[in-house]
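Chemist: As a plain string of letters, each chain reads:
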Amino acid sequence: MKTDRNPQPAGQGIRQSMSSLHTWAGLLLGWVLYSMFLTGTVSYFKDELSQWARPELAHLSQVPDQAVVAQRVADEFSRMDGGVSQWSMRLPDARNNSVYAFWRTSARVPGQRGFAEANFDPATGHKVASRDTLGGEFFYRYHFQFHYMPVVWGRWLAGIAAMFMLVAIISGVITHKKIFVDFFTFRWRKGQRSWLDAHNTLSVFGLPFHAMITYSGLVTLMALYMPWGERAAFKAPAERAQLAAELSAFVPPGKPSGQKAPMASVEDMVRQAQERWGRDDVGRVNAVHPGDAAARVVVVRGLLGRVSMSPQYMEFEGTTGKLLNVRESVGPAAETRGVFYALHLGRFSDVVTRWLYFLVSAMGTAMVGTGLVMWTVKRREKLPNPDRPYFGFRLVERLNIASIAGLSLAMTSFLWANRLLPSSLDGRANWEIHVFFIVWALALLHALVRPAKAAWVEQLWAASALLFLLPVLNALTTQRPLWHSLAVGDWVFAGIDIMCWVLAGFHAVLALRTARQQAGFRSARKASRRAPIAVAAGGGAE
Amino acid sequence: MIHVATLALCLAGFAALAFATRRQQREFLGGPLQPAATYALRAIGTCALLIALGILVAWQGWGLGLVMFSGHTSFAAGIVFCTLIGYARREARTLQRR
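Protein sequences appear in the order of chains A and B.
Heads up: the first sequence is residues 1241 to 1782, going by the numbering used here.
Heads up: the second sequence is residues 5 to 102, going by the numbering used here.
Because the hints were derived from the structure by calculation, they are not lab data.
Note that the coordinates shown come from a computational prediction; the quantities given were computed from them, not determined experimentally.
One thing to keep in mind: the hints can contain errors.
[To be verified] Label-pair restraints from in silico Cβ distances:
| # | chain 1 | residue 1 | chain 2 | residue 2 | range |
| --- | --- | --- | --- | --- | --- |
| 1 | A | Gly1745 | B | Cys51 | 35 to 41 Å |
| 2 | B | Val8 | A | Pro1467 | 42 to 48 Å |
| 3 | A | Lys1417 | B | Cys86 | 35 to 41 Å |
| 4 | B | Ala12 | A | Val1413 | 52 to 58 Å |
| 5 | A | Val1413 | B | Ala41 | 36 to 42 Å |
| 6 | A | Val1566 | B | Ala62 | 58 to 64 Å |
| 7 | B | Cys86 | A | Arg1619 | 45 to 51 Å |
| 8 | A | Gly1494 | B | Ile83 | 32 to 38 Å |
| 9 | B | Cys86 | A | Gly1253 | 31 to 37 Å |
From the three backbone atoms N, C-alpha and C, an ideal C-beta is built for every residue, glycine too.
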């Protein structure tokens, strides 16, 4: 009797099923994920980009004494017209050259919440007049809530995309059967095989990061996505206040006494915090009801070197400076959330670790990008007529061009707009963002009307040119050209200028290679008419 | 300085692990190595990575040490990978010229 030694499973095997799941989970929101990854990657240098976007704020060669700075800005608040009922200031540190503060005015217009914000000069405590811009904050906010839509919708979209990503990561690991054997494998000039090797390498080398960043991204917004447990467990206002205290350094303001009283020295309060945590390890100072007998001041610890976002703070009585409360730990559940939050944001990092975050996150961006491109490479080889592909193929191909090459163009255009838009323009910060989206929309239009290969090459060259010329534009429009930055040791401005050239080179290489592959593809097709078997063995080229 | 030392250890570790794989042995060393040599390369690579982890954990504690280790290993693996590609391409060009 004959027996089948290799019986075939009746349905699809687990790897086959996971492969299909991986393909579609990666593709359906792949373009959204790519933009989230790339803007998230540059957000590791959000503070530096914000400094670059405000060239009017002077470079700080060393961090000023935070206690003295806090007192200066607190004095400025006490002199403000109309009075201030609440203020919060982020003190300058190694990555921030100004004091960013927001406050609530006492005299409120009905229907308005009366909030205002500004940057303050650490040396004088006065407001600094700088151009109206979100700077690096725009990329950061876009990364998890997008734009032109309600914030909650954007965050839900980001959450759904992150869930797709998590599914793609898990199914990708199951699909990839030779993770260790193929760990260092790259087969050059093998068409689809080369793309697959590149995608696998980018995925596997950064796998711990990719899994961590996706999962922790979901944790950062878990209260939005899954609020029911919290709602069921904490019903009374006191319980909810206690929960809030576990998650942030926000102190409920309570009611003012109505009795005027001068503030005690904020400098002394910050000094006590410095003695406890270190000279440059104070992050924020918050005050409620300053100038009232019921005033409270909270000095919040910075995040450097601490893999947790859980709040640590010292609370003082505003009028006497008496220490009321020190909070340096939270419960295990809140701490778990704090650690995941910190891992996602990476704000604890020193310079080297920040660069490692940036580079591995860039690998993640490239992983999504190669995955998207691979979808078309794989199917191109099977097209009955490559000159007239079906609608779905054309759609994916064009969206790939606009979301990968087009996003580079749009992000660089945002930086160009920062330098070119006049300071007097109404809603200037919004216009920088409008420029970003206008250029991105034009990139999509261009991708739709041009042949695919030409669109890739042209957009990559355009991005390269814009990036290359950005340091030149910076030199022409500000007092801080590269040579000046290098001379005074301003590594924020010098670093961004140099990075622009590195990225310009990267885009130029991509453009050149794409153009060359185009020629190769044509010649491969010509050769296939002569010797179809040889080309089939060699694989197609993108 | 500790970052440099750790990165160097991770590079050495991944280089040893790369040469412990059959594909790299065939491509760069002309053929498969003796099993003992392969095991030795695996042991050297693993030890180098563990020493790097030990240094980082001793320096920054488990939390930050593990984060830095993850970054250094990903970066070092990328460098070794790109170096292998560059070397293989150069060899291929040299062979073509001959």
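Chemist: Against this structure, judge whether each hint is valid.
Modeler: Cross-check of the supplied hints:
Separation of Gly1745/A from Cys51/B is about 37 Å and conforms to the stated range, judged on CB atoms against 35 to 41 Å. One distance hint, 42 to 48 Å for the beta-carbon pair Val8/B and Pro1467/A, holds here, with the actual separation near 46 Å. For the pair Lys1417/A and Cys86/B, the beta carbons lie near 24 Å from each other, so the given range of 35 to 41 Å is not met. Distance hint check for Ala12/B and Val1413/A: the Cβ-Cβ separation is about 29 Å, which falls outside the suggested range of 52 to 58 Å.
The beta-carbon spacing between Val1413/A and Ala41/B, approximately 30 Å, falls outside the hinted interval of 36 to 42 Å. Checking the proposed 58 to 64 Å range against Val1566/A and Ala62/B shows it is violated: the Cβ atoms sit about 29 Å from each other. Between Cys86/B and Arg1619/A the CB atoms are about 29 Å apart, so this pair departs from the stated range of 45 to 51 Å. Range check, Gly1494/A to Ile83/B: Cβ separation about 56 Å, and the 32 to 38 Å hint is violated.
In this structure the supplied range 31 to 37 Å holds for Cys86/B paired with Gly1253/A, their Cβ-Cβ distance being about 34 Å.
Violated hints, listed in ascending order, are 3, 4, 5, 6, 7 and 8; each of the other numbered hints is respected by the structure.
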